[in-house]
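Residue-level listing of the chains:
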Amino acid sequence: MNYITIDSKRVPIEGEKNVLSLIRKIGIDLPTFCYHSELSIYGACRMCVVEDERGNIFASCSEQPRPGMVIYTNTKRVQAYRKMIIELLLSSHCRDCTTCQKNGSCSLQDLAFRVGVHAVRFLNNKKQLPLDMSSPSIVRDPNKCILCGDCVRTCDEIQAVGAIDFAYRGSETQVMPAFNKTLAETDCVGCGQCAVVCPTAAISVRTNVTQVWNAIDDPNVRVVAQIAPAVRIAVGDSFNIAKGENSFGKLVAALRFMGFDSIYDTSFAADLTVMEESKELAERLEKNEKLPLFTSCCPGWVKFCESRYPEFANNISTCRSPQGMFSPLLKEYFKEKDTEEGKKTIVVSIMPCTAKKGEILRSDNYTDGQQDTDYVLTTQEIIRMIKQVGIRFDQLEEEAADMPFAVASGGGKIFGTTGGVTEAVLRRLATDKNYKNLEEISYIGVRGEDTLKEASVMLGDREVKIAVVHGLAATAKLLDRIKANEVSYDFVEVMACRRGCIMGGGQPPFAGARTRKSRMEGIYKVDTSSNIRYPDENPVLIQMYDTMLKGKEHKLFHRNMQH
Amino acid sequence: MILNTREDLRLYRTQSQNKMKKEDCRILICAGTGCLAGGSAKIYESLKKMSADIEGVSLEFGPEAAHVGVHQSGCHGFCEMGPLVRIEPWNYLYIKVKEEDCEEIFQKTILKGEPVERLMYQQEGKVYPQQETIPFYAKQTRLVLKNCGHINAEDIEEYIACGGYEALEKVLFEMSGADVIEEILKSNLRGRGGGGFQTGYKWKQVARQPEQIRYIVCNGDEGDPGAFMDRSVMEGDPHKMLEGMVIAGYAVGAQEGYIYVRAEYPLAIKRLKIAIKQAEEAGLLGDNILGSGYSFRLHINRGAGAFVCGEGSALTASIEGERGMPRTKPPRTVEQGLFAKPTVLNNVETYANVPLIIKNGADWYLTIGTQGSPGTKAFALTGSVKNTGLIEVPMGTSLREIVFEIGGGIKNDADFKAVQIGGPSGGCLVTKDLDVNLDFDSLKKLGAMIGSGGLVVMDEGTCMVEVARFFMNFTQNESCGKCVPCREGTKRMLEVLERIVAGNGSLEDLSLLEELGDVISATALCGLGKSAALPVLSTLKNFHEEYVEHVEEKKCKTANCQAMRTYIINPDMCKGCSKCARNCPVNAINGQIKEVYTIDSIKCIKCGACLDNCPFNAIYIAG
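Residue numbers (the working numbering), protein chains in the order written: chain A, 1 to 563; chain B, 1 to 623.
Read the hints as simulated data drawn from the structure, not as lab findings.
Any given hint could turn out to be false.
What the hints assert, rightly or not - Straight-line distance between alpha carbons at most 25 Å, and here's what the computed DMTMM-like set of lysine to aspartate or glutamate pairs gives: (1) B/Lys341 x A/Glu157; (2) A/Lys433 x A/Glu332; (3) A/Lys465 x A/Glu283; (4) B/Lys22 x B/Glu211; (5) B/Lys445 x A/Asp546; (6) B/Lys594 x B/Glu549; (7) B/Lys329 x A/Asp52; (8) B/Lys329 x A/Asp7; (9) A/Lys126 x B/Glu515; (10) A/Lys83 x B/Asp518; (11) B/Lys444 x A/Asp52; (12) A/Lys126 x B/Glu514; (13) A/Lys83 x B/Glu508; (14) A/Lys17 x B/Glu124; (15) A/Lys279 x A/Glu553; (16) A/Lys126 x B/Asp509; (17) B/Lys445 x B/Asp413; (18) A/Lys126 x B/Glu495; (19) A/Lys477 x B/Glu508; (20) B/Lys329 x A/Asp546; (21) A/Lys126 x B/Glu157; (22) A/Lys76 x B/Asp518; (23) B/Lys329 x A/Glu283; (24) B/Lys329 x A/Glu38; (25) B/Lys445 x A/Asp52; (26) A/Lys76 x B/Asp509.
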């Protein structure tokens, strides 16, 4: 009798760890705030309470299924309890929904409507607390926090950063950095995963929408956009486009409509990164020094390494990230034209990432004393801008990006998911640029959701050992093992966010398992439908290396590291 | 000196007993927290100094030669009458002793063996010279508290002389771990911390875990307002608890234990530290105890003042250095407790029961108390009762016996109204419950709980709405803030109660209280949250008319609720001195010199300044 009875329906127990999973398995969307399948069980919101046949009430998230259990998910009692819990939450919560960033995508708002709370009988007498605006990536608004602790556990369990935790107690409890510090004073890497899991607007993306509109409206400013690979498969989410579908062409059209002067594909710069990083790898392998080479595309990872594992900082590739390479290149490209036209070029990069907002402020992302990238807009922000203008995104005709930086290989496009950078580098290193090799590389073991993936390839007569890791907690574990000499690698790709940029902190939140899957499939589909698959076969790139870029590679593409 | 074998311990016990016997006159000055605050340290110094001349020297007084031993003991329990001094062999108990009394005590009792009658307890004209005959003590069964007040709590020798560590000896050399668990199971010892869970069963579950590293944890985070049973044991007889912990460790195969004591108990911490040090030096703690091959170490952890850390999972989190917040179960503490290892978590009184059971056998233990709840229970008797203090009675004793016989009845012979049992997690018992036998199961049926053992007695002058507000204020302050019902619900319940005592409540508020109480009790995460609403729900049930009076008539008949008081000047007594009017901060009192003054009740802010200042007692409060 290995089943439990939920609302008179028999449900087989198939290894589920808690009753809630069984309830959801049969299609009942029992509401929760603090339950996440990838986080530890916290049991604080009490929304998932159910009643058993003896009238006992318990939270289904933390109850082990026992064969023969009989539970009811929607009795009058539990409905009343859920309603009261929401009423209590709302009683201490800012209720300015219409002007809230999260209006329309707020779980509290949604559940209040679902359980039917139409009035709150208590006065909100909570003291207004100041916002933490210290981080370039995220904003913390304690007034909107419902203390579900999702952010705390994400930061600690998934990212091993632990920048925030609970402080004070009882109804004074707050989620904040220790000792009343601001986020900027902590080791926060800006990955924004806390904002992704936040059910309300207590932690949200720090927005630059206003500055970008101002730049667009300024006739003396040339606003140039670059669009990162992972944006194209998520931007359509909000516009009735199938999950994971490539909306790059529509996004280009939308940006033109909004007034961007030139629009480019960051994947071009990803190709550049592959070229530079492969060169660096080959050099290091030859000299057998500073190995493993760690990738440098992910600013969350770079910051994490610098603060927590400084001993590995010199192992990180000196290459700038694709964003960091592209912006100075674009400014270089427009330099003469700017002088001629008396204009100033501003680079706006459209990214799936909140940490990129911090990356552009780093001194190693400055060229000739000038900040290379002026603004970073996340996918969420660009969606908001499109909505602001009223563009019917799903009905747009697809348009191509501007030349010459519209051409990019499939290798540069899979940067958006974990293992993508590695796969692209392997393509670069492959001697025969044929279809068979492409297939072989894709099966080498760098694709998929496993937090740590390992592979090895022969480079000449040398075996090159590769690791691909995503999520900083998994990364920290790997670094500890490297430090303890338990494992050794030549090349390690790190992405701070689980599953890579497709699940970045700036992407539309609340992506469930199906969305995650379709985003990953989407990005590989973008690759297979590309005309060029090998980064080193990008004709524009080859030509540029011979002309415009000659002698400038180091200045434009590498971080001026203090070695 | 290290005791390497069982024989060493036995020899040491005989020596200690002889040493104690040599003290023909033993003076035990209570050094519990209460008596110390009453100045007992000075009494100790004074008597010690006076007796110094004769200590260890033969001195003729009465028929025999005597050695005098002056000791600071733990709490004697009769806190109402402190500071207390007990003098053996006559067992005189001197109450409310002051430093100036020492000279007389020395001259009369110590030198001549004569009683000082004026320092003795008197009730209804009768003088009770011996401690044991005083009704407060005569009605008690002191097993766990037996040594409290009778031995020097800072001297392991005295504990050993009184049969201490005999149980450990028996366990180490005559019993297996399974035998010990069997014996505790048989005794049906139930956890004294409130839940009443079977101790033996808990141990058994820990013992059968596959993980071999196990911990013994003692919950000494006694946080209920008005409860001090555990403190008294830790201060008065710390070795009894330590012995219980070592036995528990042996039974389940643990090598290490932690005692979690609240930081507000500095004396308990000091005495525990001394006890641990002495036990280690004697070889009764540490490696290879008494040469048996069994090793056990103990650590002390101080709490930082959070009530919630008395909850098991919050307590273990706090020891680990984490924020003290309860977590969801499973896994339970017996599976994954401290440092995620199988853990025995019991409270002070439970561990202190263990040596008694082992020494005298489970069958003996089962003869005390009731069938379902054998043994005794210590209670902290406080509130409007004549004899406040620490008491110990067999389980199943009626509330009437406790309040009226041991407690001596209600202060000022007022009428009994209720008893709040189990602190902020408990409920109230009323007149109709006076003859209920107090044990775990009977109280549960009444919607109350023994809890850790706080008994707050209330007389007819107590406003039950205010009592509910008081406890809700406590719980709300102490909520850890994790789960929504407790964090937000207690806050809102407190708001409603504050509104009611301020005279702004409505009938809807009463149903709102019931609704909130139901949600919190049913859905809160931890035991503390689930019981947070009990004081309110139980007073709402038992004193509903009092609530209704507050919200409908805006009247508090006990005049406890400040906002509902009316200050009235009795015209027959007012002499027209104008002092009240001059002291009124809001000029609410009008009148002419030498004529009767009147209070404008609309302007009045009920501060009571007029009443305090009236030289003729002409002002009274109407509820």
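- Message: Could you work out which of the previously given hints the structure breaks and list their numbers from low to high?
- Response: 2, 4, 5, 6, 14, 17, 19, 20, 21, 23
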